[in-house]
Amino acid sequence: STGEGTDLGGTSGGLVAAIAGEPDQLDPHMTTSYFAFQVLENVYDTLVEPDENLEMQPALAQSWELSDDQLTWTFNLRDDVTFHDGSEFTADDVLYSYNRIIDGELSNAWRLSAIEDITAPDEHTVEITVSQPSPNLLSNLGGFKGLAIVQQANVDSGDITTKPIGTGPFALESYTSGDSITLTANEKHWAGAPQIPSVTFRFISEGSTAIAALKGGEIDWTDSIPAQQVEGLSADSEVLTLGQTPSNDYWYLTLNQNREPWNDVRVRQAIAYAIDRDAIVQATSYGTAAANQLAIPVQSVWYTEYDTYSTDLDRAQALLDEAGVGDLTLDLMVSSDYPETVTAAQIIADNLEPLGITVEIRSPDFATWLDEQNTGEFDMLMMGWLGNIDPDDFYYAQHHSGGASNAQGYANSEVDDLLDQARTETDADVRQQLYGELATIIADEASYIYLYNPSVIQAWNPDLDYEVRGDRAVRFRDVSFGE
Amino acid sequence: MTNMEPSLTEVEPQPPTTSRVASWRLLLSNPVTVISAIVLLTVIVVAFIGPWIAPYGINKTNVANALQPPSGAHWFGTDDLGRDIFSRVLVATQVSLKVAVVSVAIALGAGLLIGVVAGYRGGWLDMVLMRVVDVMFAFPVLLLALAIVAILGPGLTTTMLAIGVVYTPIFARVARASTLSVSVEPFVQVSRTMGTGNGYILGRHILPNIAGTLIVQTSLSLAFALLAEAALSFLGLGVQPPQPSWGRMLFDAQGFLGQAWWMSVFPGAAICLTVLAFNLAGDGMRDVLDPKQRTMLEARRKR
Amino acid sequence: MSAFLRNSTVRFLARRLAYSAIVLAGVMVVVFSLVHLVPGDPIRIALGTRYTPEAYDALLVASGLDRPLWEQFFSYIGSAVTGDLGVSFRNGSPVTVNLLDRLPATASLAVVGLIVALLISVPAGIWSALHEGRVSDAIVRVSSQFGVSVPDFWMGMLMITLFSSVLGWLPSSGYVPLTEDPLLWLRHVTLPAVTVGIVAGAIMTRYIRAAVLEVAAAGYVRTARSKGLAPAVITFRHIVRNALIPVLTIAGIQLATILGGVIVVEVVFAWPGIGRLVFDAVAARDYPLIQGAVLLIAALFLLINLIVDVLYAVVDPRIRLS
Amino acid sequence: MSTPVISVRDLGVRIGANRIVEGMSFDVEPGQTLGIVGESGSGKSMTVLAATGLIDVPGAVVAGSSLLADGTELVGARERTMRRVHGKTIGFVFQDPSTSLNPLLTLERQITESLQAHRGLTRRAARTRALELLEAVGIPEPEARLDGYPHQLSGGQRQRVMIAIALACDPQLLIADEPTTALDVTTQAQIIDLVRDLQRDRGTAVVWISHDLGVIGQVADEVTVMRTGASVEQAPITDIYDAPRHSYTRELLAARPMLGKATPPPAPEAPEALLSVEGLDVRFTVGSATGRRTVHAVDDVSFTVKRGTTLGLVGESGSGKSTVAGALTGLVPPHAGTAVIGDRSIFDARGRSVTKALRRRISMVFQDPFSSLNSRNTVGTAIAEPLRVHRLADGRSGREHRVAQLLELVGLPTDFARRYPHELSGGQRQRVSIARALAVEPELLILDESTASLDVSVQAKVLDLLKRLQAELGIAYLFIAHDLAIVQEMCHEVLVMRQGRAVEYRPAVELFADPEDEYTRRLLDAVPPERPRAAAS
Ligand SMILES: Nc1ncnc2c1ncn2[C@@H]1O[C@H](COP(=O)(O)OP(=O)(O)OP(=O)(O)O)[C@@H](O)[C@H]1O
Ligand SMILES: Nc1ncnc2c1ncn2[C@@H]1O[C@H](COP(=O)(O)OP(=O)(O)OP(=O)(O)O)[C@@H](O)[C@H]1O
Ligand SMILES: [Mg+2]
Ligand SMILES: [Mg+2]
Ligand code: NI
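Chains as they are written, first to last, in this note's numbering: chain W, 1 to 483; chain Y, 484 to 786; chain V, 787 to 1108; chain A, 1109 to 1645.
FYI, nobody ran anything at the bench for these hints, they're computed from the structure. One thing to keep in mind: the hints can contain errors.
Simulated crosslink set (SDA-like; lysine to any residue; CA at most 25 Å straight-line) [as the list claims (entries may be wrong)]:
no.	chain 1	residue 1	chain 2	residue 2
1	A	Lys1369	A	Val1403
2	W	Lys215	Y	Val600
3	A	Lys1464	A	Gly1506
4	A	Lys1575	A	Thr1371
5	Y	Lys581	W	Glu238
6	A	Lys1464	Y	Val600
7	A	Lys1464	Y	Leu663
8	W	Lys215	W	Val479
Model the full structure from these sequences, guided by the hints.
In structure tokens, the structure reads:
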């Protein structure tokens, strides 16, 4: 049924994209759903934004300066930007947005934790004062649309959850609950009018359904692709283009060090030696992911080489014997909202069985998972950390003894020092070295047992000139149909 | 022809025999019922000995050997983690059957209590209990089960409880209706006029006489409970991995519809076959218990 | 006399209405209790990743869970009666709006599903009852048992594989409102509705067969035969017409069952109906939405039953004139 | 002698391996009535259904021949042929008027159906004819009734409508299968008269089936007596009465309860009062689809039962007889009134032990011998139940001993204790019920139509048993019946009930000799006389 996509998409010539789920809401400051950000990427702008190499480029701010003491950032805003409702974008909107996040202690507040003060010297200038040198401020401000600049009136009216008004390349046209969201091009966008008149995001969680729809021409783009079908799809280049790029995301295991016997580094190491990383990569991603024993993938400038662990059951058993622990029961918490964790958990359970470790898998929904994680109700858990740009984002939070996401209870003063130091280090090379050093310690002590970096996999209509980005941002403002 | 004197004896004519022995014989004379009974028996046996006869460990992953089609080594093929589907289907029998049996037991227990008390006591208690049952009945089965899962979180116990709760009103209604119809039977009235206590009447007269109906309902409900378990597990809200249940296996198979038909066909067929067997067995029993159907069966049997 | 007739029908309907109201009140009590039965703090659980003390307090106040229980109860009932079912924990919009958005999709599916079910079950049930004991009866009985025994989602999976993936005849997912494009609507609704309809049809076939059999054994059918009437007249005027009364109830119950039971089918076919909404709401612990959906479906169930009762009164002179 | 309307030869019916009917032959001439009599299950219905091609039992095989006057052979005829005959040449009236009419169709529709099918009448013409028919069968306000529905009619009226339907096309043959069994004696008498009148006017031939020789005597010219699927005797009605040749016919005749044939054994001299009921009033609230209403089932009824005597309770169906029994045994709560047995008040009884003691003094035997025994318990268990409840025997062996005694008392072998009810005949079951009722050694035994469902020959034996027990044990009976002949045979005093009220309460001798109340008189008049009508006229 070729051509039906246009029927569904509203205006003809529009693009229909299938995403794997429905956004919970469309307030960029409130939502944590990737599905929401896929849509909001095209509706909102940030001060700066990453290019395809994840380096920060001007966006709403056309330029910026950093004071010599490294503590004051001055952003010069574009003066030709309007919101979708026609109202003008000014420095007050930036102030409002950031203060909303900071004062409301919203979930992204930690990204702005270094900020001491924000002021607007004039309508098109914003000054940010930080408490200490913050080399990663730009990536914090522009890394993702969770720090989007929103409009106060939109927030106050409450419409933002379903009818967000941004400055981005597309404006929200309609939202059919359970089915789709349609955006229309913002002709007045500062980066130029998009080339396609509209984008419709349909929600198709069932991967095979989405692929069938893409092949049938009902949709033009999707990332709802079961990993196991990737191999088969690459042969279908006639009807679809498969894009695959390594990402900065990583998946990891961690053991609760507040509990016996997981507080013993040898027991943790034993588990690190017992798991079959390749099998997990194969089963969860069908080889599309890259196994990795640290967080940062090889293509990143922050990459550090590390391959201490190999699948070695004898070594694992020896470590357990040394630690003097025998038959163990391990409560492994994964989340049903992330099916790859459930799959991996079953392999891990099988891997640990020969060591006499009985793995009991729990797979609550993600909300419960988070709750249990925060209250420390687990022996081991598996999860991923997505959309990473600067190493400080994740290493500090997860491994600093005072880190916000240090649920496993890791405490190593040497690592703490290194993290504090790296955070304010302005020399990029030194920073890179510091992070390499501390990451090695973290992996050696098995605070985290890193598993792999997945690929971003998307497929689209061959007529579409689209490119996959490593940070999973789905930008349609520059794409066009070839014909 | 008028004058043929038949040998007149003092024996009064005997009514047609309708014993329970005859019921059994009738049941066994229906090939469909017999086949479903055999299937059910096999399923039950497999439920008990499944873990011992399974050729492979059910959670034994072997990723290199994933998604193999059925072969001599793996009769039903392997799944995405390289686990043997035949072994998993065998072992899942126990889980699926356990959920069905426990939840129907819950429903039967609660429903029987409510229904018998309401039907036998009558009056305002009957009114109140039946309105409660009506309220429960107004909720669609799966929706109510989902709501219960939303409250208690997914898992085996929740699944059993949820299914048990949603099927309770059916049993309550069936039990009440049969109790009502039995308690107006003259033999119960006679017992009352003799001053027999309620316990004796319930135990000796009512329960044995409503047992047949309840057995039929149990058989049919087991079928529905199996389906409900499968549906909940299919939604990922029932039995949790790595424990295999038929519904859960279908959940896992969803992503492999095009590539590995065997992942969905065998567990699906297992559900279908077992449910079908419960339904047909229930049907067969009802035919025998229903007097009208029964005379027909008897007539056909004698032909 | 006609005043009397109308009077008795009105009395009958008034009784049924009162009965429905009582049951609905009970349903509301149960629905209200749902959120209070959650072990732990429903708001904390609902917030999950979005938890902040402010968000917590805001949601607590918005949901009214901070007020005394009885006050919550009466305000819940009060607003429910006026159509206000609270605000979704997840997206902050009114539950009623969420539900009404989804109702057309589910209604399309349920109604078309029921039509498919009727198209299957009415001829099959009547045929099989009138040919009781013959081979064709056995075929209908066994295949209806089969239809009852197949998990609907499995059938949906098989249908997608066959009609969408292999043959490519029909779309496997998606929904187009009827008002937008009737033809497209039909193309999209076909597969899910057939899935729903086959299962419901199998159940109804069995009931219709039983109802027809029962009527066929009634004394008045023998009377009709003793009049030497044509078989078609006996079948339709005397048997089918009388069997229609129980079938009406079953069709009503089935429609209600479909409405509340399409969850899995909606999930399989990515159908933006209430079932999927509930499914998502369960995953997100969006209790007001779950409550609202359960209440809506239960109320629809009662409404359908009420309508069936009205139809009863129209069809059956014993009620109309008693 | 004209040609017979139907001529049946050597008719047989087999269902599976069972021979249901064998070797039936008979002719029915115009204007004549053939009566078929025999006990339940003897094959009467099967015979006529097979002869007319209306048999609808799956697997039934019919053999023999059944020829209509015009030469149509009905056995093995094609469906088209049968359809032409049914309703047009042959009309049918079935036993149960409450289920024989379609509840959803108007009476007009049901009456005119066959007219339209066979005569091709227009709607209007058919309606006129239906009106005539309703008038002919004596339905009041026929015009209004035509648009009404069956549930708006009484049982007798429905049966009249059935007759109107059967006669719609002026059939040559009317088949009436127990058309009055479900009706009151008074209504029965009216229906019999109606059919006779119509037959006289139209010259219709009639086949009338009944298990009641009295009714057959009223209607038949010729009678066939059936037993276990075959005719044992066929003769003109007067010959059957005056010179029965077959022993079974003689037995039927002898067992037939008849007014003025027997009186109860003499009552003891000046018996003391055992049970006194004063102003009994019972009401039921019945809920129907359209609302609730109150049924005044028993309205201010008073009577006394004296020790060792029998009080008869008679009245038409629904007059409240069983309700009186229910109130006395605690099955239904009375609305008002008092009842005293010995010195104990029955209705005020409170507390388990008091009521239990009361239950020992009054016991009851129900009408249906099939359903008053739990099919899952042996006879022994059933009889032992009251012994167990009231702890009347020591342990298991004591109970077994007592059960054996009771079985002997009612004339059954003691090894029957191990049998299940389905292994007994109706009469035997009723004896078991009586034994069970006697187990508590009651002072009063209530018999609610306890012999009504038995075949006449069996009924006679059970009545004899009851008389013997009263003589031996001195029990008082409250004897509920609708058959006045047995009441006369059993009762010392009679209470006649109508619509919940006592209309006459007198010693039996007086009442039968000189009924005072109009209703009692009607009841007595409706009882079929001893002699067949054919002989009398
Ligand atoms: N549908 C049936 N299937 C099998 N046997 C039957 C069926 N109907 C009747 N019979 C048997 O046929 C025999 C004759 O039945 P029939 O109905 O002719 O008796 P009847 O003399 O009319 O008795 P009643 O006075 O009770 O109406 C009985 O033994 C009965 O058990
Ligand atoms: N449990 C009950 N509930 C409602 N109405 C009842 C009940 N039992 C009896 N009745 C009504 O009370 C009236 C008297 O009934 P009862 O059974 O005493 O009559 P009967 O004289 O024994 O009749 P029959 O000769 O048919 O046995 C009837 O109108 C009956 O419908
Ligand atoms: Mg008969
Ligand atoms: Mg009675
Ligand atoms: Ni389409």
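**OP:** Hints the structure violates: just list their numbers, smallest first.
**Re:** Numbers 1, 2, 5, in rising order.
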